[in-house]
Amino acid sequence: MKNKKRDSIPAALEAVQDGDTVFFGGFGTGGVPIALIKGLTDKKLSGLTIVSNNAGAGHNTIATLLQSGAVKKVICTFPYSRGSVIFNDLYHSGKIELELVPQGTLAERMRAGGSGLGGFLTPTGLGTEIAEGKPHIDVDGKTYVLEKALRADIALIKAHNVDLRGNLTYRLAARNFNPVMAMAAEYTIAQVSAEVPLGEIDPESVHTPGVYVDTYVIDKGEYDE
Amino acid sequence: MKNKKRDSIPAALEAVQDGDTVFFGGFGTGGVPIALIKGLTDKKLSGLTIVSNNAGAGHNTIATLLQSGAVKKVICTFPYSRGSVIFNDLYHSGKIELELVPQGTLAERMRAGGSGLGGFLTPTGLGTEIAEGKPHIDVDGKTYVLEKALRADIALIKAHNVDLRGNLTYRLAARNFNPVMAMAAEYTIAQVSAEVPLGEIDPESVHTPGVYVDTYVIDKGEYDE
Amino acid sequence: MKNIPLPIDRLLSRDSIAKRLAVDLQPDWVVNLGIGMPTLTTKYVKAEQDIVFHSENGIIGMGPPPPAESQDDDLRDAGKNFCTLIPGAALVHHADSFSLARGGRLDCAILGAFQVAANGDLANWRLPGDPTGNIGGAMDIATGAKEVFAMMTHVNKNGEPKLTEKLTYPATALSCVTRVFTDMAVISVTDDGYLLEETAPGISAEEVQFHTDAKLKVAANLRDIAA
Amino acid sequence: MKNIPLPIDRLLSRDSIAKRLAVDLQPDWVVNLGIGMPTLTTKYVKAEQDIVFHSENGIIGMGPPPPAESQDDDLRDAGKNFCTLIPGAALVHHADSFSLARGGRLDCAILGAFQVAANGDLANWRLPGDPTGNIGGAMDIATGAKEVFAMMTHVNKNGEPKLTEKLTYPATALSCVTRVFTDMAVISVTDDGYLLEETAPGISAEEVQFHTDAKLKVAANLRDIAA
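Residue numbers (the working numbering), protein chains in the order written: chain C, 1 to 225; chain G, 1 to 225; chain W, 1 to 227; chain H, 1 to 227.
Read the hints as simulated data drawn from the structure, not as lab findings. Just to be clear, a hint being listed does not mean it is correct.
To be verified - No farther apart than 16 Å at their CA atoms in a straight line, the calculated lysine to aspartate or glutamate pairs in the EDC-like style are these: (1) G:Lys73 <-> G:Glu99; (2) G:Lys2 <-> W:Asp28; (3) W:Lys146 <-> G:Glu186; (4) C:Lys2 <-> H:Asp28; (5) W:Lys19 <-> W:Glu207; (6) G:Lys148 <-> C:Asp140; (7) H:Lys217 <-> H:Glu207.
All values reported here derive from a predicted model rather than from experimental measurement.
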């Protein structure tokens, strides 16, 4: 069986390169692969496009990555928050690009990318700035906006349990974007809380099948603050 | 809490009407709502459009429904089999219409319908008869076929466990089309093997959330042969 | 029209708006809550309404905030507040969560608003002066929910009406708002424009009209908000 | 060209084709099996290859047929045969199963064929005379898999070549087949057309060419199939 396990965060991140498009799982405090994002910051890459629900706040992991200058573009749904000072500075000084995407459209673009589809027709954004410049297509008398599939070179995700094949489960609402990101990346790297014996994850309850996971690393807490 | 439980197959099928489009879950012998399909046949409706992977074989439930004259159109992926005599006769004598759909496209059309999307761009069928007459759309230099979302008035599905809110789990490969059919129907009717107390289905392992289930009935075996 | 000052001492509190709005949630509805003021609604929903709250981050059947000792970073709502699960809850991933939002199984969404237009257009993601804004899940949810209840102050911080004839702010979704709950009134959006149905106790229809930038029809049975 | 009869006594058995094909499955590949002859492959895959078999009805990690007493109607493959799960298997619904098939995580599909063209076009769902046919999952799987191995007899029941310059039967998917395994030969589909690489023991390149309706290039290291 292919050995997908890596013993350290840097080893798990070996495949990430300058210029890559990278998905970051998580929503709020749930399912964010903090150790992987910190390890990515330490790797001192450049020209990254990152895709995440938020654009960092205060000096959290994403904000610190932005501040390091590794990122040229952010694709997200909710860039501004009380503490998104670093993103605001970089964006207003023209040092970072922003692509703003409605949250459901972002998740669906990833799912389409992971499903080999070119795009989909959504009613979301119709008549708003978000739909400007995008093809509009009528189906059965209703108008939809054509949104394109989104794939990444790398997905950095966080899961709860993993087995030797890379099957994953997520805790509670820590699932969020992680499964569709795992599907839509050329190479998926999972930070997990624990490894369990093969067969212990009920096949009926696998959240992300191992075929979508290229590498996993158990978070030993060495990147905790 | 809304009472979704019905005490008999006929009571569970009350909402189905002449002319409805009806999804039938199942693939092979797994996840087919046999009691509901038999009950539907007994109801002696007319003008139904049915959507199912197969078009019946021998004198099984779907074949018997076709023979009863209730169906005007079949949408499926695999109409012919060694025993699909009844479908063949009806089709060749022009008494029934057929819409043939690739299996992945059929599942995805349902998921799109259940997700409020108008359609999606797929590479499947490109350059084949299936793509004839459908819009072709280029995205980033690659050509895709536009396939439309598919919804139904009624979904007849089969699940394993149910709770009071209608949350469902499926056994093994009996899951198949059932979850996407539940999502994409105006009214979803589930035939289940057993009811379990509220809270017994792990929220992390629900396969079809109860919000998609309008009615359920426990199969007591009275429609078994 | 002569100037009518904002009746500051008679405006409803945020909690009173939430309490009034909660009454309109029909039993067994599946309801999405926007971040901010809408989350107050959960305090006023009665157990027998058995509302199933949906949170965009994949929670179907969200329960009230937990005691401090049970807070879990893996279980927060869309506004990042700690929450719980009701018995019979289900967890799904983000794409499945928005399938629910757009797919017709969301009976109602309660959303904050910068502006609402008389045809139901909603603006709540970007102020005109801002270089960018925050969309989050609002566009998908406003587009997909069967009913959209806008919950907001009647005027903005500069005293300008938030209910207008047409939007002057960037739109979130068109023709989606069905009812507006403010600190002055309850107003339905009809095919014919705004219909003023209830006013806060002590506030007159004339006062509400003065602070609204569109014509209000007044319901024959105009009544006080039971706050 | 003079008539060369089909070398009936030297044609490979279905099992021998399967045995040869199994060798080409790379360790840890995720492989979809079409119904019919392709399912024979599982008999010849070695444990150390650790192939993850995908079945279109939502099984990722399908194992061999069970003993009769363990057969379960809820666990059959795409051809409706009873199957099992390997340790670490996962079950998904139909839409997710075809997301996998189209989405780039299927290393190989082994499919039966009515015809294969020299550019890799595949026909396997409808004979020209039939009013309709059976598509099943073949179109999605042939379109999505990184490698498509066609597994078939070299000629049809009427003795007509199934490997042709262009398809004369309705297409399943274009330019998808990468390698063809028949009872006479192993032939790769290259940018330059067919490349004959192996022949069944006792069958010559000339015999294979005669029963093929397109020009075969012959590999410099043409060899016998190790059957």
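Status of the hints after comparison with the structure:
At roughly 8 Å between alpha-carbon atoms, G:Lys73 and G:Glu99 fall within 16 Å of each other, so this suggested pair holds. As the CA atoms of G:Lys2 and W:Asp28 are separated by approximately 6 Å, the hinted pair is consistent with the 16 Å bound. Between W:Lys146 and G:Glu186, the direct Cα distance comes to roughly 13 Å. Compliance with the 16 Å bound is thereby established for this hinted pair. Distance hint between C:Lys2 and H:Asp28 is fulfilled; the C-alpha atoms sit about 6 Å from each other, no more than 16 Å.
Annotation: proposed proximity of W:Lys19 to W:Glu207 is violated, straight-line Cα distance about 22 Å (limit 16 Å). In summary, the hint linking G:Lys148 to C:Asp140 is supported, as the alpha carbons are separated by about 9 Å, within the 16 Å threshold. Of the supplied pair hints, the one linking H:Lys217 and H:Glu207 holds, its CA atoms being roughly 13 Å apart against a limit of 16 Å.
Consistency with the previously given hints fails for number 5 only.
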